[in-house]
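Each protein sequence line maps, in turn, to chains A and B. Numbering-wise (this note's numbering), the first sequence opens with residue 1 and increments by one. Numbering-wise (this note's numbering), the second sequence opens with residue 1 and increments by one.
I should point out that these hints are in silico values taken from the structure, not numbers from a laboratory. One or more hints might be untrue.
As the list claims (entries may be wrong) - Once the Cα atoms are required to be at most 20 Å apart in a straight line, the calculated SDA-like pairs of lysine to any residue come out as:
| # | chain 1 | residue 1 | chain 2 | residue 2 |
| --- | --- | --- | --- | --- |
| 1 | B | 140 | A | 190 |
| 2 | B | 161 | B | 8 |
| 3 | B | 140 | A | 181 |
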Amino acid sequence: MIPNAERLILGAWTALICVFMLGPLVVMFAISVTASGYISLPYEGISLRWYHDMLRQTVFIDAAINSVVLALQATAISVVLGTATAIAVTRYRFPGRGIILMLAGAPLFVPLVMTGLAILIFFSAIGIGGPAERLLVAHICLTLPYIVRMVSVSLAGFDWNQEAAALNLGASRLRAFVEVTLPQILPGVIAGAAFAFIISFDDVGISIFLTGAAYKTLPVELYAFAAFDLTPMIAAVSVAMILFSAAFVLLIERLFGVQKVLAGEVGTKNPAA
Amino acid sequence: MTSLSATDAQYLRLSGITKHYGGIPVVNDVSFGVTRGEVLTILGPSGCGKTTTLKMIAGFLAPDQGSIAIDDKRVDTLSSHQRGAAMVFQNYALFPHMTVRRNVAFGLRMQKLPAAQIAREVDEMLARVRLDPYAERYPKELSGGQQQRVALARALIIKPKILLLDEPFSSLDAKLRKQLRVEFLEVHRAFGITSIFVTHDLEEAFAISDKVAVMNGGLLEQIGSPVEIFARPRSRFVADFVGHKNLISGDVANGVLTAGALSMKMPAGTANGPTQVTVPVHRVRISRGPVSGDNAYAAAVSSVTFLGPAMQIGLEIAGTAFEVYSPSTAELADLAIGDRVNAAWDAGDVTAIPASGK
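Based on the sequences and whatever the hints tell you, model everything.
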């Protein structure tokens, strides 16, 4: 293939991706600032009335708080469990290791709807926990694979003799982990946590089965609202969610450089090897 | 060395150390002592139990049986850092996210010493191992030799009684290994620290050690000075491992071994009966002219390999194949296959290998 044709095709491909990935977001943003009373592009003028409207809807505010709290809780627990799991399966070979790896990855492969339904049936059967607890368990399952994956990647090539060296020099096991291992896998832990937070915050598939009348997450509330009352406010809420997620990723990027983590510049290979 | 106290002669003492993995003994009833200030190398092929033995001394593994004492104090029930045995790891296991200074300071920080004292001791240590210009660098910015000095400094700063080194050169090329060997010996001399070194490399073991302990299949085969190990192997395995080629089985009667058409005088006091002996490759003298020795023969040259300072020469003596190493003298420069030479060695160079040694 001659380079020019190659460049042309690559350019066209990139343009298509931009149009189809970013196009809907642009349309959504346009709709959210329409002055019309129905879903349309802002032909009749630009207005922030739907954002005003949104802020007066306490159901959305409550749901947003629920979503943030849930995402924080799920992420915090997942980070601890996922990091421990990643260390166990990376460092040791033990009976059941394959099963643990499979279980930790399962939520990635099983349709969310099935996971949600299964958790609902399970909790109904044992009859404990309200919607908040059920959602927390579900979201831990949902987010765990991302932490395990990201931390495992940063542990690849890690020289465990470093921990032995720390113990030999008088560190406790906890101290050895905190001073020697954790600083080296931190980019992976943070990237995993960022993924976990966004995944939890945006989830509809599992959550829709587990929310109750008195406890809804923002995406579920939005979904329910859109089902019977289609106003441009939906667009305003969506834009707000997108901005929140984007701001979150940007913050993480600023603080820790997620790009570096995702580019694979994680973990510190033994320099002497 | 001046007179040693009983404790100094057994500064490190392993008694009946045994370790099983899944019912298989990896280290089997190993006992030896190490004299204060000396370098002892545990030498053996991979899987012989040498690293397991070192890990038990370091406290990373607990022996199933036996005891370990350092400076007359039993340590096998103590945790790693309470034993006074500091470890230098394979590939050094330096902390890549810490500067040289912080790597070296780690052990002192764990002891919760005052910051000013830590800074002072680290500075002193860095100066002693000539790392002061590199204090603020990270390990990956250092050469192999500098990394080794960081590893040694990090271990030595906690003032251990014993230094343990687990094949620290194994992943390096031959030239660097030799350089690091010299550097290690310099540090060893400067600190005079009792050191246990693990390697599978014969030349390395001989070059750095006061004493060598040869292990095979979890058993301690022989312990002694490099010269003893090389010249007087006490088992078939050690003889093979240190490069003996001329292992001959025969019958001894009245101080003479007979193996087919070959007969050879044995050292005085050799018992009668079936015996296996080794004739060390470096003790055979050969010449086109006459050579003297207790055992002198006419030999036919069957192979010649020029190795630079030495020549590896295959000989046939009384129907038995021999391999010898001889200096590359002018006389032997044009030695060719089929040449007739004279070969001789002394009765005292012949070493009987005990039957128990397989």
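Right, here's what the structure says about each hint:
Using a Cα cut-off of 20 Å, the hinted pair residue 140 of chain B and residue 190 of chain A is violated, with the two alpha carbons roughly 24 Å apart. Annotation: proposed proximity of residue 161 of chain B to residue 8 of chain B holds, straight-line Cα distance about 11 Å (limit 20 Å). A distance of roughly 17 Å separates the Cα atoms of residue 140 of chain B and residue 181 of chain A; the hinted pair therefore holds under the 20 Å criterion.
Of the numbered hints listed earlier, the single one contradicted by the structure is hint 1.
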